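Once you've looked at the hints, dock chain D against the given chain U.
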Amino acid sequence: MNERLLDVFASNGLITAFAAVGLLMLVCNLVSKHLTAGRIHGSAIAIAVGLVLSYIGGVSTGGEDGLADVALFSGIGLMGGSMLRDFAIVATAFGVDVEELRKAGLNGVVALFVGIIVPFFLGGAIAYAFGYTDPVAVTTIGAGAATYIVGPITGTAIGASSDLIALSIAIGLVKSISVMIVTPMVARTISLNNPSAALVFGGMMGTTSGVAGGLAATDPRLVPYGAMTATFYTGLGCLLGPSVLYLVVRALLGG
Amino acid sequence: MVIYGVALLAACMLAGNVIGELIGIAIGVSSNVGGVGLAMLLLVFVVYRLQKAGCLDVSSRRGVEFWSSLYIPIVVAMAASQNVVGAVTGGPVALVGGLVVVAVSFALVPVIARMGKGKYAVPLDDIEDERGVRDE
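Read top to bottom, the protein sequences are chains U and D. So in the working numbering, spot 254 of the first sequence is number 254, and the numbers just go up one at a time. So in the working numbering, spot 55 of the second sequence is number 55, and the numbers just go up one at a time.
With the rest of the complex left out, here is chain U:
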């Protein structure tokens, strides 16, 4: 009987996810209101709790999709997967102020380039300091410091080994998850309170999930601006990584 009842949840995965996430948000909003007096947004708490659940799911199943690897919660993977996430991101553009886009457009483009080049060389330098002196290794790890998609695509293009690619994914994951957690904490300090700054923020960070989660926890009205530039980042990174940036690294290290 137990199995048949469990099957109700497992076979209605997406619906179970709606109910579970709704319940989680309800609890987190109550915690926000009563335990933090509204100082920490309910959505910030919910995202942090989501990450903790992801960790628990990952440890208990050994999979890569966090809580979604637990059969009962497989629908979480669909609900939080890139299809529905991108659909909801596009929908947020409904409230965008075109004037703001025009005003900060140029800064957004600058942020895209700085946001790819600085993390790339910083990540590469740290890899070098840890003993990865080969240009292919430095480039792959540096590209991973852009996003966990730029890393493996760049690494594959320049013939990096699979352990380097795994490392570049790991550094990208650290980036995206820490952006989710840290953004609401530092938003005030870096004046991330207006659409122009959000456009720059999206271009600087580039990780769509990090930007989406970080801004959602800070101020949902900023989400469309940040998401818009962030979605150009990975493509640009994949263009620059295996080409210009790899050549620069090779010239610097003499490979």
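Worth flagging that the hints you see were computed from the coordinates, not collected in a lab. Bear in mind that the values here come from a model prediction, so they are computed numbers and not experimental data. Backbone N, C-alpha and C fix where the C-beta goes; we use that ideal spot for every residue, glycine too. Careful, some of the hints might be misleading.
As the list claims (entries may be wrong) - Straight-line C-alpha distance at most 25 Å; calculated SDA-like pairs for lysine to any residue: (1) U:K103 x D:F45; (2) U:K103 x D:V122; (3) U:K103 x D:V111; (4) U:K33 x U:I181; (5) U:K103 x D:L108; (6) D:K52 x U:V98; (7) U:K103 x D:V2; (8) D:K52 x U:D97; (9) U:K103 x D:M1; (10) U:K103 x D:F66; (11) U:K33 x D:L124; (12) D:K52 x U:R102; (13) U:K103 x D:R114; (14) U:K103 x D:G63; (15) U:K103 x D:L42; (16) U:K103 x U:N193; (17) U:K103 x D:S31; (18) U:K103 x D:D125; (19) U:K103 x D:P123; (20) U:K103 x D:Y48; (21) U:K103 x D:K52; (22) U:K103 x D:R49; (23) D:K52 x U:G95; (24) U:K33 x D:R114.
To be verified - Okay, the calculated bits of chain U under chain D, using three or more residues with CB under 8 Å as the criterion: (25) 2-15; (26) 21-27; (27) 233-240.
Chain D in isolation, oriented as in the chain U frame:
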């Protein structure tokens, strides 16, 4: 009809992603270039034109607004399906590298945001009043 709004949204997303793939192919990159961003621009443009022409009634708008209001729960689900274990067990290079990169990137945000016209950026109103409306 609500479905008109949802269909409009879906069409914009698909069109944006097709253009993003085409750009990717054109510049020889094995990933989509700005598909979602292009879809957003497309939606902004189409909604503007439709509203001007008076073709977007309240129920069609609701189809788009519904998905936009589901954004945060979807992001929470996204957070719950991340490979957190992979990030934590990636070793010192991944941890140190990721954190340093994030710290420096955050520090650069206000520097770039204040360039050019960004100097005049006005903070949004306090979120509390907006929240009250949203939560209902």
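Legend entry - Hints the structure fails to honour: Failing hints, ascending: 7, 9, 10, 14, 17, 24, 25.
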